[in-house]
Structure formats: C-alpha cells, structure tokens
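Dock chain one against chain two, each of which comes alone in its own frame, and use the hints as you go.
Listed here are the chains, written in short residue letters.
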Amino acid sequence: MFKELDPILHSQVRLAIMSLLMNVKSAEFSFLLENINTTKGNLSFQLTKLNEAEYVKITKSFKGNYPLTTCEATQKGIDAYEIYVNSIDEYFKEFRNNKK
Amino acid sequence: METKQQDFDSFDESQSLQVIKEMIQVSQKKLKNDGVLFILWGWIIFYNYISWYVLNNIVTTYQIYKGFEYFAKGLVVFALAFSVYYIFRKSKKVTTYIGISLRYVWISLIVGLVLVNVIIFNTIHEFNPTLQHPIFMVLMAFAVVITGGILRYKLIIFGGIVFGFLAYICTYFSVEIQMLIEALAWLIAFIIPGHYLYATRKS
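As you go down the protein sequences, you meet chains A and B in turn.
Just so we're aligned: 95 in the numbering used here is position 95 of the first sequence, and the numbers increase by one with no gaps anywhere.
Just so we're aligned: 1123 in the numbering used here is position 123 of the second sequence, and the numbers increase by one with no gaps anywhere.
In isolation and in its complexed conformation, chain B is listed as follows (with noise of 0.2 Å):
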C-alpha cells in the first residue's frame, strides 16, 4: 500500500505526458500497416493481366498457354489462402480499429463486385468484359481510396484515383489493352503503395 502511495506521490503531471506520448509512438509504429497484402495482390493481380495480355495475343502454343494459365490460378489460390491466414489466422496480439474498418471495406468489395456482375447479367443478358472491366475498376478505386483514408496514406489515395481515371480510360479500349490498363492500375494503387509502406514500417 505504501508503495503504491508513493508512487502516486512522485508520479508528477510532466511524467504523466510523457507516458502518453510514448505510449502514442508505440501504438503508431507497432500498428502501422505493413502493406504485405497489398504488395501480394498487386504483384498477383499484375503478373495475370499481363500474362493473361500475352498469352492472348502472342504465344500460341497450347501447352504453354494452359501451363501460365493453372499457374496464374495457382497463385490466387495461394492469395486467398495466405490473405485468410494474414487476417484472421495469424498470432495478432491486437485489434484495431483501422483493422476492423478495412475488413469490413473490402469484404463489401467482393460482395458488390459478384452483384454487379449478377446484375449485369440480368440486364443485358450476357457478360460482356469490355463494360464488366470499368465498372470493377471504379469499385476496386472506390475500395482503395477508403482505405488510404482510413490508413491516412495519401500515396493509396493518390493510387485509387488514379485507379478511377484508368477505369474511365478503358472504356475506349478493347478488352486486349483494357487488361494492360488495369495491370498499370494495380502497379500504381497497390504495388508501388504496398511496397513504400512495407518500407517504411519501423520508421
């Protein structure tokens, strides 16, 4: 008990302040958003557009062809299960708020992305990629740039606006260059944002 008294005694209002700014800085460099999936499924994302681009267009072999496309099947399997393992499995001794947040962002992107597409087959009554693309783009650059807001990284942000423009860009294009496009979108809204803030995590 009396050390406990003393230790309200000598504990003084500038020792106080200084408990909360470190606490502060423990919480922002511990909690900082490493940008490992980002940097997953932007590099993921951007080697299937890209092969999927030459596939199409330049080899012609048939093996080879099936052999990139099981691959590139391969690794968003290997995405998905990684990113399930990352979020809920992984031994985290906190959650956070941002965490809950962005959960919730992108797994609404998923389901709004499978009820467009419901919904476009209804209207139209056939899927049709050319107009499929954009409007996946535009929910992908709305997704993104609420995240750079809730991480405040005015980098995403930048990324996700950038990934809009692109979207709006493809609807002149043909599905062939419309996959270039958005592969140049995931290099900048993900990969190039990913890779800075896995750079930056202990800083």
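Isolated chain A, as found in the complex (with noise of 0.2 Å):
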C-alpha cells in the first residue's frame, strides 16, 4: 500500500505544506514556519524537495529590507495530491470492508 502514494507527498512535513497551500493562492514561508510543527532548516528543506519535483514554486523577493519567500503549488502539485488524497480514502474503504 505504501509503495502506491506518492513518496514526495508521503512525508508529514511535505503533506503538510501541500495541505496549507491547497487552501490559499499563496503563502509565506512564516505563514508555513507558524502553522507546520518543524524547523527552519526542515521546513526550508521539504520546500526545496517539492520546487525540485515542479509541485510547489517558490518566488523570492523583497519586502521592505527583509527577503521574503512566497510558496504556491502548481498544477502538478495540485494533481498529485488529488491523487494521493484519492489513495488515502481508497486505503480506508478496503479498510473498513475488510474489518466487516
């Protein structure tokens, strides 16, 4: 079961990101750091791990004097996790027809 979700979705802080920024058109990289319980490191990181498989894209710019880097998910990103979330609720019906 584990082999058919997507490996770069099945990771809580990845998920997490994705299930954030499912909600919004986009958000800050503090708005994720407030609302995801990690690190900045990790949470830079995970960030990364998804701009590299094209499901998030990260903007960087200024405000003011401070960097400021803006998350939104792409297309891709957003059909991946359609389908992931898919195979969650797949898992839990075989689940529960099994349990009866």
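It is possible that part of the hints are untrue.
Which chain B residues stay away from chain A? Per the calculated CB distances, all over 12 Å, these [stated by the list, open to error]:
hint: 1; residue: ILE1020
hint: 2; residue: ASP1034
hint: 3; residue: LEU1055
hint: 4; residue: ILE1064
hint: 5; residue: PHE1071
hint: 6; residue: ALA1079
hint: 7; residue: ALA1081
hint: 8; residue: PHE1082
hint: 9; residue: VAL1114
hint: 10; residue: GLU1126
hint: 11; residue: VAL1138
hint: 12; residue: ILE1146
hint: 13; residue: TYR1198
SDA-like, lysine to any residue: derived pairs with alpha carbons at most 20 Å apart [to be verified]:
hint: 14; chain 1: B; residue 1: LYS1021; chain 2: A; residue 2: ASN37
hint: 15; chain 1: B; residue 1: LYS1030; chain 2: A; residue 2: MET22
hint: 16; chain 1: B; residue 1: LYS1093; chain 2: A; residue 2: SER26
hint: 17; chain 1: A; residue 1: LYS25; chain 2: B; residue 2: LEU1184
hint: 18; chain 1: A; residue 1: LYS25; chain 2: B; residue 2: THR1095
hint: 19; chain 1: B; residue 1: LYS1021; chain 2: A; residue 2: GLY64
hint: 20; chain 1: A; residue 1: LYS25; chain 2: B; residue 2: TYR1097
hint: 21; chain 1: B; residue 1: LYS1021; chain 2: A; residue 2: ILE88
hint: 22; chain 1: B; residue 1: LYS1092; chain 2: A; residue 2: SER30
hint: 23; chain 1: B; residue 1: LYS1092; chain 2: A; residue 2: ILE88
hint: 24; chain 1: B; residue 1: LYS1093; chain 2: A; residue 2: THR74
hint: 25; chain 1: B; residue 1: LYS1029; chain 2: A; residue 2: SER26
hint: 26; chain 1: B; residue 1: LYS1030; chain 2: A; residue 2: ILE88
hint: 27; chain 1: A; residue 1: LYS25; chain 2: B; residue 2: GLN1028
hint: 28; chain 1: B; residue 1: LYS1029; chain 2: A; residue 2: GLY64
These are calculated hints, taken from the structure and not from any lab test.
Heads up, the beta-carbon is just placed ideally off N, CA and C, and yes, glycines get one too.
In structure tokens form, the structure reads like this:
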C-alpha cells in the first residue's frame, strides 16, 4: 500500500505544506513555519524537495529590506495531491470493508 | 538519506489523514474573515445616514450642521484609507482565493455605482436621489449576497436579502425617510454580521 502513495507527498512536513497550500493562492514561508511543527531548516529543505518535483513554485523577493519567500502550489502539485488523497481514501475504504 | 527513508517508513495512512485534517483546521481558523471592514463601513455609513437625517430635520444651527458634515466626511476618508491599508498594505502572509474574489466583487460594485449614477444623469438629465437611493441599495444588496455566498455565512446572505427588500420599501418614501431605512439596512447587513464574524473569528 505504501508503494502506491506518492513518495514526495508521503512525508509529514511535505504533506502539511501541500495541505496548507491547497487552501490558498500563495503563502509566505513564515506562514508555513507558524503552522507546521518543524524547524526553519527542515521546512526550507522540504520546500526545496517539493520545488524540485515541481509541486511548488517558490518566489523570492524583498519586503522592505527583508527577503521574502512566497510559495504556491503548481497544477502538477495539485494533481499529485488529489491522487494522494484519493489513494488514502481508497485505503480506508478497503480497510473498512476488510473489517466487515 | 537514511532519515528520509525512516520518515517515509514510519509515516502511515492514519497519520497522513491526521496531517491533512490538522492543516484543514489551521486554514479554517487562520483564514477566517474577521469582519473588520464590515464593522468599520457599517458603523460609518450608519452614522452618516442617521446624522444626515438629524441635521436636515432637527438641527438648525449652521455651525453644528457644518461640524457634523465635516466629521462625517472625515470618517469616510478615514474608512477609505484604512480599507486600502487593510486590503493591500497590511502584512498578510497568505493570499486566498476568497480574498481575491471579494476584491473583485467590491471593486465592481464601486464601478457599477458610478456607472449607474452617470446613466441616470444621462437619461433623465438630473440627479434624482429618490430614484438613486433604491437603485444603489439594490446593487449593494447584490454585492452583500455574493459576499455572503463566497464567505458561506448565512447571516450575511440574509442581510443582503433584507437590504434588497428595504430598497423596494424605500421607493414608497421620501429621501429623508429613505436615509433612515438605509441606515437600518446597513445595521442588518453590515454591522450585525460584522460583529458576529469578529466575535467568532477564533472559535
């Protein structure tokens, strides 16, 4: 069952990032950090992973004198997330059927 | 690399579901509309209509009249400045589709109000407040109902419907009474839902 799930999304932090980005057009790095229980370094690392997989688009700019990182889910990321959620859903359906 | 493999192995389907649930809850709580602009505009317009009625029907002193008039204008300028700051400048860490949709609705409404004004003037060649008021109220009711639909708040939708109904009622009365009816409409469609949104923003 594990092998059917997308390995890029099947990680606590990456899944949390994608779940948050699904509900918004874009979010700043600090917003993700506030709401995901992880460190700055790990969040940055996981975002890079998602960016490499083209699931997330990362834009770097400046807000005043401070650097600003904005993240946005790409269409590829949205599709992958939908497939992932459907797989989880199917797993639980199967689990319930087996229980009966 | 080993850590990543461990992360993959130890993370099961139930935990995935838990993460998704938690993040949906976070989004619902953090991205909830706080109703600040509803409260601000609701009270300012309410005050403007009530004071307009009082000044034109009760107060006769020129100084008091002008004082109230400038104060009301000042409040509108303040509300405009605050709204621009709140929508565009305030440090918001996320851009939501709801926010973008609402921006389109209210900017279209303002453009619509200006156009209706121009069309009325071009057609009947005069500014007729008795006619303008109910038409403006209908457009406003339309925007309030759409806003309620986008935010999925039945209280705002209800307020918008009442706003539209009161627009119809207005057509039976003079401009002075229309002002009072419109003040009531703003109370029902903006102030009450706004305070409700603000009170429940963190629940």
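Quiz item: Failing hints, ascending?
Solution: 1, 17, 19, 23, 26, 28
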